[in-house]
Structures are given as structure tokens and as C-alpha cells.
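Chain order of the listed sequences is Y and R.
Note that our numbering has the first sequence beginning at 1, numbered continuously upward.
Note that our numbering has the second sequence beginning at 498, numbered continuously upward.
None of these hints come from the bench; they were simulated from the model.
One or more hints might be untrue.
Below, a list of computed lysine-lysine pairs in the DSSO-like style, where the Cα atoms sit at most 30 Å apart [to be verified]: (1) Y:K116 - Y:K258; (2) R:K851 - Y:K116; (3) R:K755 - R:K613; (4) Y:K258 - R:K643; (5) R:K755 - Y:K116; (6) Y:K354 - R:K643; (7) R:K851 - Y:K354; (8) Y:K116 - R:K643; (9) Y:K146 - R:K643.
Just some of the chain Y residues that point at chain R, by a computed CB distance under 10 Å [what the hints assert, rightly or not]: (10) L22; (11) A118; (12) P313; (13) D416.
Ideal placement from N, C-alpha and C gives every residue a C-beta, glycine not left out.
Protein chains: 2
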Amino acid sequence: MAVELLQSRWHAVRAGGGSAALNRRLYECIRDCIMDGSLPVGGRLPASRDLAAGLGLSRNTVTFAYDQLRAEGYLRAVVGSGTFVTDVIPETPLHAMRSRPMPAAQRGARLSARGKAAVAYARAAPRQWGAFMPGVPDVTLFPHRKLGRIIARLRRQAGPELLSYAPGGGHGVLQRSLAQYLRQARSVVCEPEQIIVTEGVHQAIDLIVRLLADVGDTAWVEEPGYWGIRSVLAINGIVPQPVLVDNEGMRLPAPGRKPPRLAFVTPSHQYPLGPVMSMARRLGLLARAGQSGTWIVEDDYDSEFRFNGQPVPSLQGMAPDGRVIYVGTFSKTLYPGLRTAYMVVPRALADTFKTAQSEFYRGGHLLSQLALAEFIDQGYYASHIRRMRQVYAGRRNFLLDQIRRWLGLEWVHEYDTGAGLHLVLRLPEGCDDHAVEQAAFEHNVLVRALSRYYIGPRRQSGLLMGFASVPEAEMLRCFQILLGVLRGAMAPSRAAR
Amino acid sequence: MAVELLQSRWHAVRAGGGSAALNRRLYECIRDCIMDGSLPVGGRLPASRDLAAGLGLSRNTVTFAYDQLRAEGYLRAVVGSGTFVTDVIPETPLHAMRSRPMPAAQRGARLSARGKAAVAYARAAPRQWGAFMPGVPDVTLFPHRKLGRIIARLRRQAGPELLSYAPGGGHGVLQRSLAQYLRQARSVVCEPEQIIVTEGVHQAIDLIVRLLADVGDTAWVEEPGYWGIRSVLAINGIVPQPVLVDNEGMRLPAPGRKPPRLAFVTPSHQYPLGPVMSMARRLGLLARAGQSGTWIVEDDYDSEFRFNGQPVPSLQGMAPDGRVIYVGTFSKTLYPGLRTAYMVVPRALADTFKTAQSEFYRGGHLLSQLALAEFIDQGYYASHIRRMRQVYAGRRNFLLDQIRRWLGLEWVHEYDTGAGLHLVLRLPEGCDDHAVEQAAFEHNVLVRALSRYYIGPRRQSGLLMGFASVPEAEMLRCFQILLGVLRGAMAPSRAAR
């Protein structure tokens, strides 16, 4: 009777139409019969020859369906005896058990409260490459051949340890290279044991927040500031306290309020506005942190690219035994897709951070870490940075020329200090930067609204414009498009000059 | 007077001894003078020639120190005028501001409560390669040349998008390859849009837990079960409810208790004991989940390696519109250091998962994802799995022979079903598996104590023995060492046969 059952079901399938291949549809038809209990568990299926005859199909079609169902474990072949539905006996008919799709509304409600809150913060851009995407280096100028050669050689020689899980903290050789580089270039005071190589800055921040703060704790974040920190704080239950930024960096709030557990700062080049944290503010912050037990997280995301004046020393180097965790990344100096960042943690925390990193994330990528160490040690890293600093300085100047010519330099944000991969254009009061962002996006020009980078209600209107990855011809073309968008956006209030 | 000051400080430094090079020690000496305020902010430093003469050092030594301090931003050179301490004026003397190291005890106390709890769960092994490390495939047999060639070609052709941040969910081409593979090989019902490529299984679990459960929620976990899930649950504030496993997989607890928000299961091959979840239990679990709104997470970590009998279908394929999130990984089929896993989420959750993934972790590695897709599509993946299945079957049989010969097959855990990369040896009552693990480790033989995989107090004593990455000669040698250790461990109670 299995043949009759399958005949009627198959008839219904054929009548229902559908574009899939016959063998696939037959497979699905038989599977449905098993799932809804019409073909009972333990029951015998017709011989493929018989079923083919019964359904008017080629034997190949039936064999395909049987083979697939056998491969998936729905059927079992017993030599000399036939093909059976898997014979683990269910307690209840299968069809009564199949869970049904929920209504869409109910589905949304199944997200966790923290998940909903964190996703509501979502700020990651829909596209990651093109004029004027901020924060993206020119990856086309990266010496891929050099790094590729190192990786290819290591791949040939690689012992199995390089291909397995990473120890917490990352590869020791990269830790040594980084410690040396950070001491020399960034005045960071550290030993290799204090370096934790991470899967991007987000993992570094996540690990810090999880290990040093509990749900309900507070953290100072710069206002405006990097959106990524806020997402990570939100999902970890930390309450961000936005702290306004001026031309000396974060303005320390008046004492007396409950001190924060963490303070996130970008002292070398405030993100996104650009000021350098003054010595006074640095010292003030260190003192406050020492008194209140706050951990300072120094995000030194693009300090390698300063185009005029002297380099700015790291905050960590001013308090090497203190309460500063230093975070840096290869995303701006090499390329973001590499997903390699690092942090320097106080000696007393290093072992805990390494253990926790293994537990929470299980690292790997040791082969690329070793290649990166060689890339640094052979001087390729420093020379790539030197080269890119010149390229970016040229592009920044070109963009400034365009702004000067078409808008006026007063449109450049007053806190700009000539560094990094983007600059901030201020928009006139009443000009909606979200609308400009959206309109420019529709013309394939990527800018990011400054107001996205605020938590509180007091927001400056402006645009982040990345110049690092945009060749000059492209900049010229896209700047004109942006001008058109700006004219349109300001038409109701005032025209662009 | 700066010369005199530096003379006296330098004298103290020299008297204090120390092994660093002179130029480095001078640099540190001057920096300390700046940091503690002895060299005032804005103050002028002696010309390098004068200081060299005053300290009895070569001019090169002084120049090095000055250059380094200038590079780090502590000093500023003004052409025709001299070298000055950076002139941002601090509000208070620097020395009063330097934070001091905390006493060690106090430092420990600065960890977050959740951090402390999660680190207390730490189970990651100190070494990741060698006989009999469980869960590790033989990475030396991986066709690195094939994958290497694909990567090298893609690297030459790579557009900038491949080197920037990844969109949430990962590369579309890999999503398509995976969807096809999972449909065919694992009876998973899915479209490419439902695939989320993750940085290992830990990231997949972390994302699920964060988006679907809140602090204080409960989750069923198998007892014994995978330690990594517990670490991720702990740091996210989820309370694990251990649910005992028998020869049909997870035993569903009696209804009536508060239903869990999540249920983690390994239906195809329970980790670490090995049973296959029976059809009755599967249906029971699906029904319970449908009633209580529980999300089932199916961890299909090594289902590709089943050496006898038929493949076991995925749980997800039994309830494609339902409440199952399917998780799989390349760590066992290719190599762990690749750090690539994937999950299949219900359609209604796919967009949220992608957004959240970008926000929390910012993905990258698109180039390797694309290479992996090509590796799959060209059939290399399937043929590598076929080859390794034979290799592992051979090694498993070899290990079983050793066990039969020296201990007796009754030592193999009774739930073993002939699959995966490890087997579990049961130890006699009273034999402390931690002690055996430790003693074996001291002989460079890696086994993992079964009792590590439990949460509750009722623990079986046993050893996880990975055979996949151990050639037969090595297995022979290490098994004899392990026998010696076992004899020693059981000497007080009874001797090994």
C-alpha cells in the first residue's frame, strides 16, 4: 500500500506544479510522507523499480530520492530485505509534533531585551568602500605581494600548531614585535606578555567590558564618539554616560557623581572630531581614575597618521603602572578585513585576559599573526605607514582645496588637527545631516552624518568625509555630487555658496 | 640649570646600575624628569652637545634620547631656538598625578563579578596539538596547496571590498555554497539568506545567547557537555541547567519547571559521550520548544565523521519553520585556526542576526571566505572529508585494538556510536581522572578528564582521547605511556589488567 499512498501524494505534488527537478520533488514528497507519519516509522518502502513503475518515473529518479533520503538518515537499507523508514520509534505521530511557524509579530517579541536595545543602536554602514567612506584606508595600495609571499612560505612550512587554536593573547612572536613597535612609535610602556592580540577592536572592547564591568555599571564615552563602543556596551548591559568633547578632548565631568567603571577616550585624535587631549585633561583623567578605581581605555585607532606637528604620545605611556588599557589596530594601517587589533593590559590583568579570551572567543589565525610579525620585523610595516602618510596628506590637502574653493574652509570642523583618515564638515544649523547622507547615498556617494555619533539630544549637524581611500579624480567627481546634494538640502533655508 | 639637574639625576641612574643600553637609560631618565615635573613644561633643554659634555656621554647617545622623546611628543624642537618640553600646561604637577600600582590583592578585586565567575569556568586546554588531544583534526593532511593557490589568485585579483569589513552574515558566495552543502549533506532546510558565517562556533553561540536571552534566563545544556557553551553562557549572565544524557541523548526534564529560553543539543553525536539523539527525544524536544517558546540550538560540530551505520539527519531539517538554530563548523573538517563556522537561523531572525553581528564583532576575512566557497564548489571539500573519514576510521580502529588488547573493550564508554574525532575511556570508580590527565600531561600525553565536562556533582570518571590527529606509531607509543600512568593511578585501589 506504500505504492498507492505515494501515488496519491505524488499526484498532488504534480498537480501543484513547481519548477524543481522531478527527482528533487520526489525526494521532498517522500520526506513529507515520513515527517507527517503517512509512511510509518520502521515501514518498508516499495522497491525502486516498483515505485518507478507505479509513478511513471524513470528508475534513476526514484534511486536519487532514495539515496538522498538514505544519506540523510531518513531511510535505512537492509541488504537482502529492502529499504525502511528509520526505525527509532517516536512516542507520538510526527505530524503532531512539527512545530509551526510563529506569526511575525510574535517572532519579533522573541528577541531578548538587550538584543533589541543593542540592535536599535545599529550604526554600521551598509557599504564599506567608496568616496567618502570614513575610516577606511586605501587597501589597494597595500603591498599584498610582500605579505602574500610571507604567508605562502609559512603555509608551506607550517607546523600543525599554527593551524590549530591560538593560545590566549595570540602568537608570542607577534606579541614581541608589537611590544617593540609600540614602545618605539607610541611611547607605550609594555612587555610582550602584556599584549593581547584580538580579532579587531570590537573584540578588545568586548573583553575589557566583560572582565572589568558588570551589568548596570557606567562608562564614560566621548560625545560624539565611536558608535562601535556603544553597541558593545549596550549588549553587555553597561550604561554609557556621554561626556562632551571640546578642543582639548573629553571634558571631565564635575566630581561628585558616582564614578564610572570605565572611561573610553581617544587622546591622540578624538573620534570623530579630531582634537588632541591636552596634557591637563590627561593628567586630570589619570588622577580621577586613580581615585575612583576607573579603568581608562585608550583607543589609539589611527595615531599613525598625523600630517603636521609632532606625534602625540600615548596616555598609557604616561602611567605605565596605572589604570590605562591601550588599544590599537591594523585596520587603519593595513586593511580592515585582516581583523587584527591588539591591546596592552596592566601586568596584573594579563593572565586573566588571556584565559578569558580563550574561553569566550577561542582564537586562531596564528599563521597570519606570524606573517604579520615578520612583516613588521622586516620593516615593511613602518615603510608602508610612511608611504601612506604621504598619500593621505596629499589627498587631505586636495579635499581641503575643494572645500576652500566651493564652500569655504570655515566649513571644516574647528577641532580638526590635521590627522587621520577623515575630516568633519560642519553643516549649517537646520540642515539635516541624515537627509544629506541619505541623498548622497542615492548618488553612490558615501558620507556619514555626524549626528549618528551622539547619544544625547544636543547634536551638531555635520558630515564625516573619508579621504584616505579616494583618488583625486574620484574625489573631484564625488565632491561635485555632494555639492549638488548640499544645495538641495539647504534650498529651503539658504543656498550653498 | 637643566644640565645640573640632569647631571644629578643621571648620576643616580648610573649608580643604580641596570643593564639597558646607555641611550635607552638616558631617554628614560629625561622622560622621568619631565613626568615628575623636574623639567618644567615649556622649559628648554640643553643643546645636545652641552648635555653630552656635561654627562660625559657621546653626542650620539644624547641625540638618540632627544629624537626618541621628540618622536613620542614629549619634546618639541623649534628651529633656531632649541628643544623644549611640550608646552601644553598641566593644571597640577605631574608627579602628583601619576597613578600608583595597586597592591596585588586589590587588583584582583577589580575584575567584574561576571568576569570572575566566567574565568572560574575556564576549561580550554593549555596545549592544542599532540596525542591524544580531543577534537583536533589532522591538519597536516589538509590540502594546503589547493587552498593556498585559490587564496593567492584571489589576493592578486582582490577588489577593495574583499579587504574591508564584511557585511553581517558574511560573503554571499560562501552563504550560497554552504546552503547547498547543508541541504545535500545534512538535510538542513535553508536558503542562503539564512546563513550567518561566524568567527568560530563561540561567536555563533555568543550571538545567539545575546540576541535571544537576557540576564537571568536559563538554558538547558547537556550533562556532560561542551565547556565552551558554558563559558559563553556564564559571561552573558545565563543560568545553565545541566540535563543528563543517556544512550538516546538529552533526557528531557519533567515538564512543569520554568521552561528554558534556550536548549543546546548535539543530536547527531552527543559531545562528549557520543550517543545519537533518538527520534522520540527529538520529537519530544521540538514539541516542548514549540509550547514553551524555547529556542533549540543544534550544534552539529562533527557530524561529517560517522564511520559505521547511516548518517544521522539534522534536527533542523525536521522542523525547518520551527525553533531550531543550526550551528556547524569547519574546525573539524578543515582546521581550527581557520576560525570559520556558520549557523542557519530562521528566516524571521536573519536580518536581526546580521545587523547584530556587524555591530558586536565587525566581520572581515572576506577573501578567505570566498576562497572557501571555491574550495567547496570545486569539490575539494567533499573529497577531503571522504579521505579524512577513512583515515580517522583507521586510527579509531587502531586505538580500539590497543584498548582491546591492553584494557578490554568494556573500558570504552557504552554510549559510543562510532563517530567523531575522539572516544571516551571510562575509568574505574575511585580513579581520579584529573590526576590521570595531569600525570599524562607531564609525560607529554594529552588526554582530557571527562569530569571537566560536567557542571553538577554527579560525574563519571573518564578520559577523552582524540585519535584523529595521531598517526599509528605515535598512538602506539603514547598509549603505552598512558597505560603506565593508569597503572600508577589505580595502584592504590586495583591494578590495570
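Cross-check of the supplied hints:
| no. | hint | in the structure |
| --- | --- | --- |
| 1 | Y:K116 - Y:K258 | holds, 27 Å |
| 2 | R:K851 - Y:K116 | holds, 13 Å |
| 3 | R:K755 - R:K613 | holds, 27 Å |
| 4 | Y:K258 - R:K643 | violated, 58 Å |
| 5 | R:K755 - Y:K116 | holds, 23 Å |
| 6 | Y:K354 - R:K643 | violated, 33 Å |
| 7 | R:K851 - Y:K354 | holds, 28 Å |
| 8 | Y:K116 - R:K643 | violated, 43 Å |
| 9 | Y:K146 - R:K643 | holds, 20 Å |
| 10 | L22 | violated, 17 Å |
| 11 | A118 | holds, 6 Å |
| 12 | P313 | holds, 4 Å |
| 13 | D416 | violated, 18 Å |
Consistency with the previously given hints fails for numbers 4, 6, 8, 10 and 13, ordered from lowest to highest.
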